[in-house]
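Chemist: When we follow this note's numbering, the leftmost residue of the sequence shown carries the number 227, and every step to the right adds one.
Think of the hints as simulated: they come from the structure by calculation, not from any bench. Some hints here could point you the wrong way.
DEER-style ranges, computed between Cβ atoms [said to hold, decoys possible]:
id, residue 1, residue 2, range
1, Q270, E293, 18 to 28 Å
2, V239, Q325, 14 to 24 Å
3, A228, H272, 35 to 45 Å
4, A249, G307, 18 to 28 Å
5, L344, Y295, 20 to 30 Å
6, D282, Y342, 17 to 27 Å
7, L344, L253, 19 to 29 Å
8, L256, E339, 16 to 26 Å
In silico DSS-like pairs for lysine-lysine, Cα to Cα no more than 30 Å straight-line [claimed, not checked]:
id, residue 1, residue 2
9, K321, K280
10, K340, K312
11, K274, K321
Using N, Cα and C, we set each Cβ at its ideal position, and we do this for glycine too.
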Amino acid sequence: MARDEQLKERWEVLQKKLSNQFADGELMDLDAIIYIIGVQELGQPHRKFKKDHKLDLMHIAICRLLEPYGYYEFDYFDDDGWPHYKMLGQLPVLKAGEQTVLMKEAIVQYFMEKEYIL
């Protein structure tokens, strides 16, 4: 199976599974899934977050997702338990579609590592 087809298949399985678990079956978009990862990485799943914290959570998720690609490295947890990352290299200039593919690939890999999907 071609790599793109495999990614598409895995993404659809993951998206459906997360949507059933967190959105009553309503299909979650990329940003919603990134937010879920941020909450997971913070380790405070039952906490309610304000809008500015939601953006921070998405930033945490993006750093964590791009860490295996060498763009970020975990640095430390602050006094409130929030993870901080340092940027190791400039992100490549990508078209919108290429960014989406990179993020989907990173998200699928993340959930495979967590053994949420196979």
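Chemist: Each hint should be assessed against the structure and marked as holding or not.
Modeler: Right, here's what the structure says about each hint:
Hint check: Q270 to E293, Cβ distance near 20 Å, so the stated range 18 to 28 Å holds. Between V239 and Q325 the CB atoms are about 22 Å apart, so this pair conforms to the stated range of 14 to 24 Å. Between A228 and H272 the beta carbons are some 40 Å apart, a value that agrees with the proposed interval 35 to 45 Å. At about 26 Å, the beta-carbon gap between A249 and G307 stays in the expected band of 18 to 28 Å.
Checked against the hint of 20 to 30 Å, the pair L344 and Y295 passes, with Cβ atoms roughly 22 Å apart. At roughly 23 Å, the beta-carbon separation of D282 and Y342 lies within the given 17 to 27 Å, and the hint holds. For L344 and L253, the hinted distance range of 19 to 29 Å is satisfied, since their beta carbons lie about 21 Å from each other. The hinted range of 16 to 26 Å is satisfied by L256 and E339, whose Cβ atoms lie roughly 19 Å apart.
This hinted pair checks out: K321 and K280 have alpha carbons roughly 25 Å apart, not beyond 30 Å. Distance restraint check for K340 and K312: the Cα-Cα separation of roughly 23 Å lies within the 30 Å cut-off, and the hinted pair is therefore satisfied. Pair hint K274 plus K321 does not hold up; C-alpha atoms about 34 Å apart against a cutoff of 30 Å.
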